[in-house]
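Q: With chain B fixed as given, assemble chains Y, W and V with the ligands onto it according to the hints.
Chains as they are written, first to last, in numbering that gives the first Met the number 0: chain B, 0 to 78; chain Y, 0 to 78; chain W, 0 to 776; chain V, 0 to 231.
It should be emphasised that the hints constitute simulated quantities derived from the structure, not laboratory data. One or more of the hints may lead you astray.
Stated by the list, open to error - Now the in silico label distances, taken between C-beta atoms and shown as ranges:
{"id": "1", "chain 1": "W", "residue 1": "Ala269", "chain 2": "B", "residue 2": "Asn61", "range": "35 to 43 angstroms"}
{"id": "2", "chain 1": "W", "residue 1": "Thr754", "chain 2": "Y", "residue 2": "Pro66", "range": "38 to 46 angstroms"}
{"id": "3", "chain 1": "W", "residue 1": "Arg304", "chain 2": "V", "residue 2": "Ala160", "range": "52 to 60 angstroms"}
What the hints assert, rightly or not - Now the stretches of chain Y that chain W is said to cover, found in silico as 3 or more residues with beta-carbon under 8 angstroms:
{"id": "4", "stretch": "16–23"}
{"id": "5", "stretch": "56–70"}
All figures in this text were calculated on a predicted structure; none of them were measured in a lab. Heads up, the beta-carbon is just placed ideally off N, CA and C, and yes, glycines get one too.
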Amino acid sequence: MARVIVDVSLKPEILDPQGRAVQGALGRLGLAGVTDVRQGKQFVIEIDGTVDRAKLEELAGNLLSNPVIENYSITIEQA
Amino acid sequence: MARVIVDVSLKPEILDPQGRAVQGALGRLGLAGVTDVRQGKQFVIEIDGTVDRAKLEELAGNLLSNPVIENYSITIEQA
Amino acid sequence: MSIDNIANAVATPDHPQPYRDLGVKDDEYQRIRDILGRRPTSSELAMYSVMWSEHCSYKSSKVHLAQFGDKKPQTDAMLVGIGENAGVVDIGNDWAVTFKIESHNHPSYVEPYQGAATGVGGIVRDIMSMGARPVAVMDPLRFGPLDAPDTRRVLPGVIAGVGGYGNCLGLPNIGGEVVFDPTYLGNPLVNALCVGTMKHADIHLAKASGIGNRVILYGARTGGDGIGGVSVLASETFDADGPAKRPSVQVGDPFMEKLLIECTLEVLHAGLVEGIQDLGGAGISCATSELASNGTGGMQVWLDRVPLRDATLSPEEILMSESQERMCAIVPPEHVEEFMAICRKWDVIATDIGVVTDTGRLVIEWHGETIVDVPPRTVAHDGPVYQRPYHRPAWQDALQADAPTAERLPRPQTASELHELVLRMTAAPNLASKSWVTDQYDRYVQGNTVMAQPEDSGMVRVDEESGLGVAVATDCNARVAKLDPYHGARFALAEAYRNVAVSGAKPLAVTNCLNFGSPEDPEVMWQFAEAVRGLADGCLELGTPVTGGNVSFYNQTGDVAILPTPVVGVLGVIDDVDRRTPMAWAEDGDLIYVLGDTADDFAGSEWAHEVHGHLGGLPRPVDLAKERVLGEILLAGSRDGMFNAAHDVSDGGIMQSLVEMALRSNVGARIWVPRDMDPFVFMYSESATRAIVVVPRDEESRFTAMCGARGFTAERVGVVDSQLDTDAIAASTEDSSNGSEPAQLLQLDNVHGETIRWSVDELRAAHLRTLPAVLNA
Amino acid sequence: MTTLTGARIGVVTFPGSLDDRDAARAIRVAGGQAVALWHGDEDLQGVDAVVLPGGFSYGDYLRCGAIARFAPAMQTIIDKARGGMPVFGICNGFQILVESHLLPGALIRNDHQHFICRDQKLRIENTTSVWTRGFEFGDEIVVPLKNGEGGYIADEHTLDALEGEGRIMARYLDVNPNGSYRDIAGLVNERGNVAGMMPHPEHAVEPLTGPSLDGLTFFTSILSALASGVRA
Ligand SMILES: Nc1ncnc2c1ncn2[C@@H]1O[C@H](COP(=O)(O)OP(=O)(O)O)[C@@H](O)[C@H]1O
Ligand SMILES: [Mg+2]
Numbered sequence: 000m001a002r003v004i005v006d007v008s009l010k011p012e013i014l015d016p017q018g019r020a021v022q023g024a025l026g027r028l029g030l031a032g033v034t035d036v037r038q039g040k041q042f043v044i045e046i047d048g049t050v051d052r053a054k055l056e057e058l059a060g061n062l063l064s065n066p067v068i069e070n071y072s073i074t075i076e077q078a
Numbered sequence: 000m001a002r003v004i005v006d007v008s009l010k011p012e013i014l015d016p017q018g019r020a021v022q023g024a025l026g027r028l029g030l031a032g033v034t035d036v037r038q039g040k041q042f043v044i045e046i047d048g049t050v051d052r053a054k055l056e057e058l059a060g061n062l063l064s065n066p067v068i069e070n071y072s073i074t075i076e077q078a
Numbered sequence: 000m001s002i003d004n005i006a007n008a009v010a011t012p013d014h015p016q017p018y019r020d021l022g023v024k025d026d027e028y029q030r031i032r033d034i035l036g037r038r039p040t041s042s043e044l045a046m047y048s049v050m051w052s053e054h055c056s057y058k059s060s061k062v063h064l065a066q067f068g069d070k071k072p073q074t075d076a077m078l079v080g081i082g083e084n085a086g087v088v089d090i091g092n093d094w095a096v097t098f099k100i101e102s103h104n105h106p107s108y109v110e111p112y113q114g115a116a117t118g119v120g121g122i123v124r125d126i127m128s129m130g131a132r133p134v135a136v137m138d139p140l141r142f143g144p145l146d147a148p149d150t151r152r153v154l155p156g157v158i159a160g161v162g163g164y165g166n167c168l169g170l171p172n173i174g175g176e177v178v179f180d181p182t183y184l185g186n187p188l189v190n191a192l193c194v195g196t197m198k199h200a201d202i203h204l205a206k207a208s209g210i211g212n213r214v215i216l217y218g219a220r221t222g223g224d225g226i227g228g229v230s231v232l233a234s235e236t237f238d239a240d241g242p243a244k245r246p247s248v249q250v251g252d253p254f255m256e257k258l259l260i261e262c263t264l265e266v267l268h269a270g271l272v273e274g275i276q277d278l279g280g281a282g283i284s285c286a287t288s289e290l291a292s293n294g295t296g297g298m299q300v301w302l303d304r305v306p307l308r309d310a311t312l313s314p315e316e317i318l319m320s321e322s323q324e325r326m327c328a329i330v331p332p333e334h335v336e337e338f339m340a341i342c343r344k345w346d347v348i349a350t351d352i353g354v355v356t357d358t359g360r361l362v363i364e365w366h367g368e369t370i371v372d373v374p375p376r377t378v379a380h381d382g383p384v385y386q387r388p389y390h391r392p393a394w395q396d397a398l399q400a401d402a403p404t405a406e407r408l409p410r411p412q413t414a415s416e417l418h419e420l421v422l423r424m425t426a427a428p429n430l431a432s433k434s435w436v437t438d439q440y441d442r443y444v445q446g447n448t449v450m451a452q453p454e455d456s457g458m459v460r461v462d463e464e465s466g467l468g469v470a471v472a473t474d475c476n477a478r479v480a481k482l483d484p485y486h487g488a489r490f491a492l493a494e495a496y497r498n499v500a501v502s503g504a505k506p507l508a509v510t511n512c513l514n515f516g517s518p519e520d521p522e523v524m525w526q527f528a529e530a531v532r533g534l535a536d537g538c539l540e541l542g543t544p545v546t547g548g549n550v551s552f553y554n555q556t557g558d559v560a561i562l563p564t565p566v567v568g569v570l571g572v573i574d575d576v577d578r579r580t581p582m583a584w585a586e587d588g589d590l591i592y593v594l595g596d597t598a599d600d601f602a603g604s605e606w607a608h609e610v611h612g613h614l615g616g617l618p619r620p621v622d623l624a625k626e627r628v629l630g631e632i633l634l635a636g637s638r639d640g641m642f643n644a645a646h647d648v649s650d651g652g653i654m655q656s657l658v659e660m661a662l663r664s665n666v667g668a669r670i671w672v673p674r675d676m677d678p679f680v681f682m683y684s685e686s687a688t689r690a691i692v693v694v695p696r697d698e699e700s701r702f703t704a705m706c707g708a709r710g711f712t713a714e715r716v717g718v719v720d721s722q723l724d725t726d727a728i729a730a731s732t733e734d735s736s737n738g739s740e741p742a743q744l745l746q747l748d749n750v751h752g753e754t755i756r757w758s759v760d761e762l763r764a765a766h767l768r769t770l771p772a773v774l775n776a
Numbered sequence: 000m001t002t003l004t005g006a007r008i009g010v011v012t013f014p015g016s017l018d019d020r021d022a023a024r025a026i027r028v029a030g031g032q033a034v035a036l037w038h039g040d041e042d043l044q045g046v047d048a049v050v051l052p053g054g055f056s057y058g059d060y061l062r063c064g065a066i067a068r069f070a071p072a073m074q075t076i077i078d079k080a081r082g083g084m085p086v087f088g089i090c091n092g093f094q095i096l097v098e099s100h101l102l103p104g105a106l107i108r109n110d111h112q113h114f115i116c117r118d119q120k121l122r123i124e125n126t127t128s129v130w131t132r133g134f135e136f137g138d139e140i141v142v143p144l145k146n147g148e149g150g151y152i153a154d155e156h157t158l159d160a161l162e163g164e165g166r167i168m169a170r171y172l173d174v175n176p177n178g179s180y181r182d183i184a185g186l187v188n189e190r191g192n193v194a195g196m197m198p199h200p201e202h203a204v205e206p207l208t209g210p211s212l213d214g215l216t217f218f219t220s221i222l223s224a225l226a227s228g229v230r231a
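In isolation and in its complexed conformation, chain B is listed as follows (with noise of 0.2 angstroms):
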């Protein structure tokens, strides 16, 4: 049993409009000081039985998120 997270996040020079309406918004509703916001996704993953890691690179680099726009880091919580 392993729980894996996997967190996308756009990369740093593409553009990202839902950070851009949030930073905004946020600014609007009072809260200061906000001078970036970047809104990234993440997958949290319930695996019975061992983890096959390079399955995992693979698939997070490929499917979970797109290399041509955005960066993800794996974290692995065995149980």
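A: Below, chains Y, W and V with the ligands without anything else, positioned relative to chain B:
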């Protein structure tokens, strides 16, 4: 200067069609043993100056997440 | 937690049950005991409570709705009538159409996106369950004042939800309404309409017949969604140690619904299915009891086979869950394998959960224990019926006496005041362009959309060979309904009827969504009774039967009910969509006619609302015999090629209709106020039974002869003219110098002896300004 | 005039494809034969070209086109496209091509965050591909656009290369509806056999149901290319 990370996830009892679609794809593409996938959002917020914690809590629970169907958690990394 | 099975219920007759918390009244609980001859098990109580709720049983409205059947007009068009998931109408060439509106008001207030999304999903499944392919959706919506903070919370979410679901499902959105009124502030109305088409042979009904046939549940897994949505159940009332309170928010998965559509159509066309039912309000309780009650009468169900999303759900919860995107089919055993294979192809989970029996009872087991054993009819069809008291509100007379006369509400007196007024009205939230909304909806998908917003009706081609098509419009001026609910319902009917006729289609059938306050308030109940009576009488007079609809009560904030809002949808047929009449005029020199009579009618008008915030007076009753003649003229004119364009006249009167036509075509016109008519009344009166038609010059004599023969008023009020931009105007408009195209102008002559004009560009700017200015802020 | 009939163009249906019937209709209206292909089949039934239609494959829940890219049919299509088979991705189909790396860059959420449906003016800037050879350079056309994630992005280097090589098939005119870099509405690959575009030409092929007939040229282009044996 602070970096605030707000993780937003669907409440466990709420249907997560995105997570389900990913679960299906991971299985088809050969990652064995996946029993559940939940997809969440992550906001990385850069703040200049001190963080107004009360305001941040309010907006995390209100703007960044939808309290009817989502939970959130806040992590603050002071720089 | 032990299971409350039948034996246990028999053994513990005095076990106290939390029926009141489930919305079950003392006498209703006693009736359940009488029916069963014992106390119900908790699962049975769950079923009865949801099925006997107002939402599912129509217990307050039933006695009134019967009029739709009693006063049904003679027609051969109706293939399936009221009572089924949706009515079915014959449109010729072996084609049939089904259409229906449903409300999702309360869920959309709590969670606008998901509430609206699942509203669309629910009505689409209703249409599917008749055997039809869904081909279009519409969304009549009502919100509080545009600039109220809560409207800014609710409206964008609702629009995104309607769009997010419908777009992802591949259903073109072909029309709807967006109306603002303060009474909807704490209670927006989110109504959704779906149209489906099928060949006659494909019509299916929700019944479980054929002993030995299997009961197959297919689609999404069952979760805790919507428990407490239909009735007021909170799950811990069953058992203090039970699972945590379930979410009442239903989340939609349009992708799953799309698979469900394709999968359902495939199993139906393969002839594998005996009966079919969607799972909506009251979920499995509703589907099993209705299927059994409509069919042979008996059914055995193994509830523990139901695939779950949440393993901790109790049987009571599974019975009541409103998880979305599920269907139930009755399949002969020899077809089960093939049925399952098609489901697998579409990646849809399907489970054999039961069998049709000859016992006359619905028996449900949970891990070997019998938890339900009831006569299905008592659950599905023989619920309580109330004769709710009702009476005319004490304030009704005073409201009707407060007429919007020239003395009571100051009217614009001069040409320049009228010039200003047009710009203001064009930008008024209720009249302003709804493109901020409709641009978020896919109107093209399926490739059969012939008309969509902002045309008077939505029109889709049904048969690509012949061009056979249908047009649908929904309407309701709820202010008029408040002033006089009987008349208001007929007014709404007439308007929707006219919107269909204006586009060249022949009105055939009616659906409705009756949105009202609490039925426990006798004054609201009176509004409801009057509206139903008006609609039923009106449908008889127009010859258009009601094929189905929906009632939504308890739309109020505290003690304040919404405006009575009987939304009426009319469906019409057009033999060849190629001859539809669009609303945009085009040809220079075409003549602009107003059909119908204009009187001093401002009770419930948009002008009184927008300019004076006033609602009062007694609207002039709509003459439906005359409305029918207008419809005939519009249809005959379309058939005989007499019209290049047409547009109905309703909210905002003739002036607003002219503005909309000019904007749609981007071509100017010269209009004159008829002699002896007050310019303001000409421009903004909302007399019913009128339309604007645009007639080519060489059709004029034929056209006027046709109107004359029918004794119908037709007055020439203008001419299409793209060349009004003379040097005299260059000074008054911004950019007529820019390029060779002349600026398009709308000119109105004979206004207190003067001429006033607007450039179409300035009208467009006004029309487009309001919604984005508020909603994008 | 060369006969356009005979050519067989496949239209792939993925779970969640919506405009597949419409693409097939457009092929028929243009004079071709539309062949329904199923995402789960590797076999393309010997079609001469493939259209990947619009819709929300797999709900577009992960990223648009990200899951469809791995469908068995796509494995064959990717292979054959590399070998020169003509492929045209419309909207979701464009997203699938980009996710498959048959076309560069990525499509992200519209800058204004809303789904948008509008009659969109475009300028055709590539007339050498098999999908656009029927146009004149600079033709202005109007076709429906409908998407929530149509913002085209790529790095500067890629954008410059696309422009330099004449691979920008169509650009948005008057209004950039989604924040696409350099107003890019559609692209072709180096070889000119693979094209992708966010707007929907298949919805502009009949006078009653679309804003123009401008979309037809994409389909007559490929049919005439196939009929006259033009290879990409
Ligand atoms: N919520 C909506 N969804 C889709 N179309 C809408 C919506 N609201 C308004 N429309 C469309 O915008 C146009 C103008 O609406 P409206 O002014 O209410 O029309 P009318 O008064 O002629 O019934 C119509 O085509 C209508 O169908
Ligand atoms: Mg109208």
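Q: All hints, please: hold or fail.
A: Hints, one by one, checked against the model:
The hinted range of 35 to 43 angstroms is satisfied by Ala269 (chain W) and Asn61 (chain B), whose Cβ atoms lie roughly 38 angstroms apart. For the pair Thr754 (chain W) and Pro66 (chain Y), the supplied restraint of 38 to 46 angstroms is violated, since their beta-carbon distance comes to about 58 angstroms. Separated by about 58 angstroms at the C-beta atoms, Arg304 (chain W) and Ala160 (chain V) satisfy the suggested range of 52 to 60 angstroms. Requiring three or more residues with a Cβ within less than 8 angstroms of a Cβ of chain W, the coverage given for the stretch 16–23 of chain Y holds, as 4 such residues are present.
Counting residues of the stretch 56–70 of chain Y whose C-beta sits closer than 8 angstroms to any C-beta of chain W gives 3, which meets the bar of three, so the coverage hint holds.
Violated hints amount to a single one, hint 2; each of the other numbered hints is respected by the structure.
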